[in-house]
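There are 6 protein chains.
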Amino acid sequence: MNTISRCNDRAPAQLRPVKLTRGYTRYAAGSVLIEYGETKVLCQASILEKIPSFLKDKEQGWLTAEYGMLPCSTGERMQREAVKGNQSGRTMEIQRLIGRALRAVVDLGKLGERTLQIDCDVIQADGGTRTASITGAFVALCDAVQLLLTQGAIQSNPVLDYVAATSVGLVNGCPLLDLDYAEDSSCDTDMNVVMTGTGGLIEIQGTAEGQAFSRQQLDAMLDLAHQGIGELINLQRQVLAAGQ
Amino acid sequence: MNTISRCNDRAPAQLRPVKLTRGYTRYAAGSVLIEYGETKVLCQASILEKIPSFLKDKEQGWLTAEYGMLPCSTGERMQREAVKGNQSGRTMEIQRLIGRALRAVVDLGKLGERTLQIDCDVIQADGGTRTASITGAFVALCDAVQLLLTQGAIQSNPVLDYVAATSVGLVNGCPLLDLDYAEDSSCDTDMNVVMTGTGGLIEIQGTAEGQAFSRQQLDAMLDLAHQGIGELINLQRQVLAAGQ
Amino acid sequence: MNTISRCNDRAPAQLRPVKLTRGYTRYAAGSVLIEYGETKVLCQASILEKIPSFLKDKEQGWLTAEYGMLPCSTGERMQREAVKGNQSGRTMEIQRLIGRALRAVVDLGKLGERTLQIDCDVIQADGGTRTASITGAFVALCDAVQLLLTQGAIQSNPVLDYVAATSVGLVNGCPLLDLDYAEDSSCDTDMNVVMTGTGGLIEIQGTAEGQAFSRQQLDAMLDLAHQGIGELINLQRQVLAAGQ
Amino acid sequence: MNTISRCNDRAPAQLRPVKLTRGYTRYAAGSVLIEYGETKVLCQASILEKIPSFLKDKEQGWLTAEYGMLPCSTGERMQREAVKGNQSGRTMEIQRLIGRALRAVVDLGKLGERTLQIDCDVIQADGGTRTASITGAFVALCDAVQLLLTQGAIQSNPVLDYVAATSVGLVNGCPLLDLDYAEDSSCDTDMNVVMTGTGGLIEIQGTAEGQAFSRQQLDAMLDLAHQGIGELINLQRQVLAAGQ
Amino acid sequence: MNTISRCNDRAPAQLRPVKLTRGYTRYAAGSVLIEYGETKVLCQASILEKIPSFLKDKEQGWLTAEYGMLPCSTGERMQREAVKGNQSGRTMEIQRLIGRALRAVVDLGKLGERTLQIDCDVIQADGGTRTASITGAFVALCDAVQLLLTQGAIQSNPVLDYVAATSVGLVNGCPLLDLDYAEDSSCDTDMNVVMTGTGGLIEIQGTAEGQAFSRQQLDAMLDLAHQGIGELINLQRQVLAAGQ
Amino acid sequence: MNTISRCNDRAPAQLRPVKLTRGYTRYAAGSVLIEYGETKVLCQASILEKIPSFLKDKEQGWLTAEYGMLPCSTGERMQREAVKGNQSGRTMEIQRLIGRALRAVVDLGKLGERTLQIDCDVIQADGGTRTASITGAFVALCDAVQLLLTQGAIQSNPVLDYVAATSVGLVNGCPLLDLDYAEDSSCDTDMNVVMTGTGGLIEIQGTAEGQAFSRQQLDAMLDLAHQGIGELINLQRQVLAAGQ
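Residue numbers (full-length UniProt numbering), protein chains in the order written: chain W, 1 to 244; chain P, 1 to 244; chain R, 1 to 244; chain G, 1 to 244; chain Y, 1 to 244; chain D, 1 to 244.
A portion of the hints provided could be inaccurate.
[What the hints assert, rightly or not] From chain G, some residues computed to sit far from chain R (all C-beta separations above 12 Å):
1. ALA11
2. ILE51
3. SER73
4. ILE118
5. ALA125
6. LEU160
7. GLY173
8. CYS174
9. ASP184
10. ASP188
11. GLY197
12. GLY210
13. VAL239
14. LEU240
[Unchecked claim] Residues from chain R that face chain G, not an exhaustive set, calculated with beta carbons under 7 Å:
15. ALA28
16. ARG77
17. ASN86
18. SER88
19. GLY89
[What the hints assert, rightly or not] Estimated spans, in silico, between C-beta atoms of each pair:
20. LYS50(W) / GLY112(Y): 29 to 39 Å
21. GLN151(G) / GLN79(R): 20 to 30 Å
22. PRO52(Y) / GLY152(R): 25 to 35 Å
23. SER53(W) / ASP57(D): 46 to 56 Å
24. THR64(P) / ASN8(R): 29 to 39 Å
25. ARG90(D) / GLN211(G): 41 to 51 Å
26. GLN151(G) / ASP223(P): 55 to 65 Å
27. GLU76(W) / ARG90(D): 21 to 31 Å
28. GLN238(Y) / GLN79(W): 49 to 59 Å
29. ARG90(D) / LYS50(W): 14 to 24 Å
30. GLU113(R) / SER53(W): 24 to 34 Å
31. GLU113(R) / ALA11(P): 40 to 50 Å
Keep in mind that the hints were calculated from the coordinates and are not lab data.
Computed from a predicted model, the values in this text were never measured in an experiment.
All residues carry an ideal CB built from backbone N, CA and C; glycine is no exception.
Chain W with its partners taken away, still in its complex shape (with noise of 0.2 Å):
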């Protein structure tokens, strides 16, 4: 295996440095940035007291995902989905994720019929912004569910897990934990995983860009990310127990 030099003297199995900000704004029921080095996402929870049509008389909650980029987030500046008049499919998967993965650590029927509404808009892009998505937005998430404890509004907690993500990837043969966008770019093999705080697998997405990987590869990969997720969730605790 190479050695390989990343930005900052960061070790193959670092993640960048990571910092959760909640109470970001005001109006939204949880409102989080996360950091993950020079990638910076504002995730916002809402509470939404209705649910979709296909969940009619189920009597339960639901959990969906926006993303979106600000036009200015990425070093040559992006097209407005707004004005350009749809979303696009790599935000269309982006969304799906986030969604996806939070609802696996949620218990809806103990929502009640009401909709827990995700925003996760990218400040600023460096790679990883769907992961740190899912890292922040759950924060977001358990800060809409204490408020709707603290209303009276539910019972009992719905959410059975924590959740966080990161990515992986091999440059030059090398697996490397949480890819910035230099890194990514220039990647053989760039993999999301999503884990529970259990330690369980909620969603792989391995992608070979150019060339295929092998399973000792993959392997050394999730050993990684294993790793990086244990230290996101343990960042998630800490500033959960803080307090708001």
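Take the given structure of chain W and dock chains P, R, G, Y and D to it, following the hints.
Showing chains P, R, G, Y and D alone in chain W's frame:
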């Protein structure tokens, strides 16, 4: 004239606390977070090396603006325009206003065949988002222009004057400067005023919400706006003088 | 102040010939063709027995307006908005203005749970289409309201005052009333003013196209608008008094 | 065969009063208001100095048509297509028909690389809007072509023949010429016929609304259409001979 | 009249080989692959337990059709309409025709408050896709109706008559039955005819592509269509008699 | 591990019957109907002599894919995306996956400046449409490439390896190969795996639907996928060896 009690003991002729943070993100040529009290708008300026087709062969540049609100920026979550599939009439009206206001103080002939693209994205909305956008975008614009000068892309500064904006209104017949959301929702008249550093009027948009207003009331509101915009331009001067 | 030569020897403070034709088509509740010189707008008012959802259970009615231009109404053919697939920002801005202006003189509580739907369609455009739309739509609105009264659908007249609109502007520093297209294209400042029959201001929208304008120039333009709107309201009075 | 009582004592083989007003607006190259009784359509022809991409390098011109209805043109107000965001299937079907009918009598090779753009906008609809559009647009087209000839832009007249259209139908088994809206709504069969000045058929579109029709009934309807279109073409001749 | 040489030595009055395959897929209530030579259309009928809002409380059902072409169904790949974002005018025109043709032989009052939804999807296109769609969809419709009868959802058969369609045309002045793509592209006149089992005309749509056609030519084409549709309806009879 | 009873007595590690029919339609460069049991997808490859603008002057080709489902392909009829006006998030996600998977085995530098356009249209859906699409599209792609070689348009074969895909899942904790719709709807985890002929991983997408999955379960699923894809690639080999 009645006495009006404003939030935080603000006087009728008093602006909310204004804060300008330059370099808020790292990729745009100019990036400024502006706060008018609880209203927070991220104003960014990008340099695009192209011009709209209606300016082909006219040997000049262009400046245009886009505006958006994050779904959770308001008390009740708004639908995301990228999901709805188009920008609302209000959004288009505001971004057209921002573009016109800034073009009024830029000599487009000195820009070369490039576009200054302004993006104003509302992080939190408590009234006055369009006026804060103009005041903040002017500073972002200056930073982008400075970059062009430093790079030698342009030879002389195309910025002709300062420009800033505020709202004024009549609440229970009393003229107030810089309305917050609660005041804006209950006012009789709402007026947005854009002025230059030399005191010239660029745009006035006054609307009677409840009942018509008189020429005397118009004059009182314009006096307030004149004073408030003077203070805003002083802040722009200080912030720009400080260097980035 | 310079002397300006206007088309057809019009004086600076002189409106173009104004003509209001009621009953221009047969199906709408109110149908008025208004002409400001060569500008011709068909203003129609329909009664819809429904209200928008945000007014449910508020025991009041609504008034809203739509605006469009026929593709051949302008010197160079415009693209049809139904083909393009959406209304432009300019169109939305204008129809929002028309709706606000008319709502300012209608007591929506007296309308019952129905909507007055205004349609302003420009047959020929020579400047001032938005102000002609407001002046003409007021008459169409009165005819529709009269129909509701005659039918016994409402008991008392919800129309509180007259309303009309004109543009004023500065051309070479000279204030002019009721700009035609050529004047509008070359003016320094363009301002649209909406006033009531009792002289109250409903809306002012002034924009410096070339250079900023002063408070003195604003006052001169408002004086012109006040006079011109007075004449327009006299015409509305005569036309409505004549019976249909 | 039954006797049918028609509005205004019209005979089964009688057209409604037809009126053609040339020069109805001032900006289009050809502008004609056509009336078939209470049906009123503004037909305009513009000259665009461009051709669609599928005709590149074929050394010929093009002719295309668009059709629209003003929202208040019908008894019950229709939704504005620019607001709805697309043209209905009916609208597209009609504008394709108008374009085909007119192209059948124009030698596109003589037009040069330009497009004759036809716009048919329905001011008031009482049945037969598509046939009135064709008859009126032919006159507008001739005026636009005359302009090209006068300007020397083309050397010879590309118009090969007259063309006009009418509807015919079966009401209670009785063939009627030129159906109005009430007749069209209650007929068994509705047929639109487009013919040239030399009696050639360009388009027939017959639809059984209630029950199927026989070859004999088809023949009777075609006889009526032949007679009616002959009268319409005589009117076109007179109007065009009169000069503008 | 000239002699025309057709592909595969086909005579002017000869249909291409026609094949109807029932039960082509397993989920739709009726599913028929129809082939007119190399033209292949999958015609499916679904039963939807809802009706459009304009039929509320009218105690009847509805039948509507949609049409689409697979992108590779044509010689040169077509753009996918789902990607383009709307259906073309041609597509809408065709699906409206299919719906009208089938409704002409269905007693909607006997359907109950449900919709027969027809889908015609072109797998391979060699001319005549709209006429093949009608002929094939009729068989799919009968299968869906039979299912409703078997299930006891309806008591009596709402299908009143057979219906089928063919194209006819003039190529070099010679009338031809059932045009393939090459013939359709080079013909002078193209006509689509829809007839019932009892010989009634449901729809005729004849268009002069190159030059006008005469009444005699129309009669010759209708004679051909009459004969061809008779053969098509015989095939429908045989296929339906065979049981599924 | 429990015993699972599968439809048609299928063993947990058994694929459904797979059938590949080349030359299914006649116009596309490659046209393959693939069946995974009752799932039927028409996979077609077209050669477009153009490249997307982001590849201008890079001297390489491109490969992209589109995916669609016929409205009647599923048990309950789906809305047609062309009518709805856009592709769903699921559709976009799938077509992006198909494109990535195929690009992984194609040397785009050998294609010349042209695009291989893949279309996968689902005729009947019983689970696994995206994996069947990849497996079938690879064969269609080979046929299109063979055509380019035969025509001399390219000199050497750009296809680097075989590629095929299958789904695996956990149902009641039991790993199953190639899920049908009923299994997919009730599984705990659903994973799609794309592998090359030399056993390299191209893409894995595993999603916990009900509860999280462990590393051991992941390994068991990957073993099944490895075996199944080996069988699929053998089938591709046989079919391609047979000649068209």
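Status of the hints after comparison with the structure:
no.: 1; hint: ALA11; in the structure: 24 Å, holds
no.: 2; hint: ILE51; in the structure: 15 Å, holds
no.: 3; hint: SER73; in the structure: 7 Å, violated
no.: 4; hint: ILE118; in the structure: 10 Å, violated
no.: 5; hint: ALA125; in the structure: 8 Å, violated
no.: 6; hint: LEU160; in the structure: 25 Å, holds
no.: 7; hint: GLY173; in the structure: 30 Å, holds
no.: 8; hint: CYS174; in the structure: 27 Å, holds
no.: 9; hint: ASP184; in the structure: 16 Å, holds
no.: 10; hint: ASP188; in the structure: 26 Å, holds
no.: 11; hint: GLY197; in the structure: 26 Å, holds
no.: 12; hint: GLY210; in the structure: 26 Å, holds
no.: 13; hint: VAL239; in the structure: 19 Å, holds
no.: 14; hint: LEU240; in the structure: 20 Å, holds
no.: 15; hint: ALA28; in the structure: 4 Å, holds
no.: 16; hint: ARG77; in the structure: 4 Å, holds
no.: 17; hint: ASN86; in the structure: 6 Å, holds
no.: 18; hint: SER88; in the structure: 9 Å, violated
no.: 19; hint: GLY89; in the structure: 13 Å, violated
no.: 20; hint: LYS50(W) / GLY112(Y): 29 to 39 Å; in the structure: 32 Å, holds
no.: 21; hint: GLN151(G) / GLN79(R): 20 to 30 Å; in the structure: 24 Å, holds
no.: 22; hint: PRO52(Y) / GLY152(R): 25 to 35 Å; in the structure: 34 Å, holds
no.: 23; hint: SER53(W) / ASP57(D): 46 to 56 Å; in the structure: 50 Å, holds
no.: 24; hint: THR64(P) / ASN8(R): 29 to 39 Å; in the structure: 37 Å, holds
no.: 25; hint: ARG90(D) / GLN211(G): 41 to 51 Å; in the structure: 45 Å, holds
no.: 26; hint: GLN151(G) / ASP223(P): 55 to 65 Å; in the structure: 57 Å, holds
no.: 27; hint: GLU76(W) / ARG90(D): 21 to 31 Å; in the structure: 29 Å, holds
no.: 28; hint: GLN238(Y) / GLN79(W): 49 to 59 Å; in the structure: 58 Å, holds
no.: 29; hint: ARG90(D) / LYS50(W): 14 to 24 Å; in the structure: 23 Å, holds
no.: 30; hint: GLU113(R) / SER53(W): 24 to 34 Å; in the structure: 26 Å, holds
no.: 31; hint: GLU113(R) / ALA11(P): 40 to 50 Å; in the structure: 43 Å, holds
Checked against the numbered hints listed earlier, the structure breaks hints 3, 4, 5, 18, 19; every other hint is satisfied.
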